[in-house]
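Q: So the chains spell out like this:
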Amino acid sequence: MKRPAMRWTVMVAAAAALLVPEAARAQAPPPATPREMVAAYEALADTILGANKAEVKLVHAILAATYGHAQGEVARARQALKANDAAAARAALENVATAVGQIGTEGDNAVAGVRKRLLQGGHHANAEGERQGIYDDGYVVVTKAAKQAFLDSSKALAMLAREPKAEALDAEWKKVEAAWAKHIAPAK
Amino acid sequence: MEEGRGRLGQAHRARQVAAAAGLLALTLARVPAARTAFPAAHFRFVDVAARAGLTRVLEAGRPGKDHLLDSAGAGAAFLDFDKDGRLDVYLVNGWRLEGERVAERGRNALYHQRADGTFEDVTDRAGVAGEGEWGSGAYVADYDNDGWPDILVTAFGRNVLYRNLGDGRFENVAARVGIEAPGWNTGAAFFDADGDGWLDLYVAQYVDCTLEDVLKAKRTLWWKGLEQVAYGPFGLKGAPDHFFRNEKGRFVEATEAAGLKDLALGFGFAVRAADFDDDGRPDLYVANDSDPNYLYRNEGNGRFKEIGVTSFSAFDGNGMAQASMGLAYGDADGDGIPDLFVTNFSEDFATLYKGLGHAFFEDASKTTGIGPLTFRPLKWGTALADFDNDGDLDLVVANGHIYPQIDGHPEAIGTYRQKNLLLENRLRRDDVPAGAKPETLFRDATAEAGPGFTLERSHRGLAVGDFDNDGRLDILITALDSPPELLHNEGAAGSWLTVVCEVPGGTAIPIGTRVTVTAGGRTMEQDIAAGDSYLSTHDPRPHFGLGGAETADEVVVRWPDGTRSVRKNVRARQFLVVKKGT
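Chains as they are written, first to last, in the numbering used here: chain A, 1132 to 1319; chain B, -19 to 562.
Mixed in with the good hints, there may be bad ones.
Claimed, not checked - Result set (EDC-like, lysine to aspartate or glutamate): computed pairs, CA atoms no more than 16 Å apart in a straight line:
| hint | chain 1 | residue 1 | chain 2 | residue 2 |
| --- | --- | --- | --- | --- |
| 1 | B | K217 | A | D1268 |
| 2 | B | K63 | B | D448 |
| 3 | B | K204 | B | E391 |
| 4 | B | K241 | A | D1239 |
| 5 | B | K228 | B | D176 |
| 6 | B | K285 | B | E391 |
| 7 | A | K1296 | A | D1239 |
| 8 | B | K285 | A | D1239 |
| 9 | B | K217 | B | D255 |
Think of the hints as simulated: they come from the structure by calculation, not from any bench. Being a predicted model, the structure only gives us computed values, none of them experimental.
Here chain A stands alone, though its shape is the one from the complex (with noise of 0.2 Å):
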């Protein structure tokens, strides 16, 4: 099984050796790339592999203030059940229902903009987990599955918002916690 291969690579070596002009083949091999050239690339590398770290870092930022501004819309919620105030129950849950959604769209439309020129220069966080169906496209943190999940939620709190009830609202909000439990939590 040999013989091929090295047929073969001697076969690669006579084709290059053809190819390379006569001038080169007399000359000496080409200088080491220059060690000064190499150190920023080195440098530019450690910029890029940073940034990607950091936006992984920005977007949990991102997930976690929206989460919290959720936690801190539920407690409103609850305060205004137990006042027996509708209205305020009512614009507390819906808020809660939009944050819930934006978790699930790994931020609101402003942030689907920067993700979008993100994807418009090339870059995708999870390339391979989109192409394996884990993410959409762009997505850095949140994956399908927690989408769902969330946007699910962010379904029924909205429509709960119509007619807020407590412990509708307790119920829902133990999916979201489990959600963010199981999908955002643990920080990359």
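Mind docking chain B on chain A? Use the hints.
A: Coordinates of chain B only, in the frame set by chain A:
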């Protein structure tokens, strides 16, 4: 215009489907016994465009469709610009390109309908050829409340607003009134956002690109590894939509102030204004290509809040953004709550968002049969309309692909030129016993819909209207590099009532007016809109199929200012004129 991305079959999806099926069964169980007896094949549409004189070829870039603009197409409108009671036709045209050269700037066309049902080209006399712009959509509204319908032509370039002078001529006032909005303008909707009696305007934009980008475009996107096709829209920059507040006939850019800033730069196509949450204020839905759709809820005082995600109308039932093109609005399942129908790319289903009330929706595409029936073609203009007058809303969809290159591989997903689709609503059909649950709400009636539905072209815009005033709705459809199709409805049809809403001394078209008709034990509602389908405007006269009923028990017209006009015991088969204040 991205390849289909919808996915069915997930576990939670199955639960959603089961829930939706339950809702549908409940809905159908409430259907009254009065049903319409028709032969199985009762639809018949015949293309009479050439015979009637509608011959303008609509140009669309290069034959190879190297840029998305080459294949976006243009729309059409039914309107009665001279108020003679007969519908006229306006067609929007694009440009013809040869390589990197502009070969011809297509001219728009205004056709005036004669008494004999044929059309006369009055474009030059009226002065509405399109000002040399690459046209997109046609939207008809009386923006200045002078009693004459005006025409907005959205364009790749500058929008054109043709003010109707009332004597058969128009003048372009877009620059003067401030709505030129250079860019790739597509869908639009006139609606009174703040209730001041003046129609405001939302205009969607698609991709941020220049004419040079279009002319120099090369096909670089690999389609299924077989052919290189036009690139985008993924990887391109979206262009921001605009909202203009109408201040007594002049428009002021108010996008951000109204809360309508297009933060995600969605690739905007179709726009529809309607009172989705039934609070008396018009809301706004924007169908985006490859991006989540927007639903802007009117919060009052001309302010809006985007609630697409929480209303469940941004994504399909699987949480996926679809490549949306056109839309229709109406009560498809007869439960009294209007639904939204959105057309999408090929290899993805069109989505029926079942209205749940209060601007909540649920993806009922699969349970209603729409999903499998619409999966394969690339879908554009559309309407929910009662073509057989049996009292339920059928669906028509204009189809056509954007890549001519797929013709080399017809086994993959079909061809570039496609037949349109007619889906019959079975809610009122007598082949489904009252109270029984049909397999699906819609069935494919295309094959039995006559020669008009055998035409294979790359269709785009679609407008519905009763152009010959015979009580049966006809269909006007545009196609790339082709003259339009005017599908004359010659099918068997039930009783009907068309309501003509007039405002004496006021607007020519009372957009936002809602008409409710009760007849034969059911209640149906239609609204008047400018901005619907794909780049097109329908007949502004609400039309109702009454099935076997020869009398409407009640007709209620709710005018945009909240006042009502009520008529009782109205004879069917007529154009009922209802004047505001009476």
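Q: Identify every previously stated hint that the structure contradicts and give their numbers, smallest first.
A: Hint check: 6, 7 and 9 fail, others pass.
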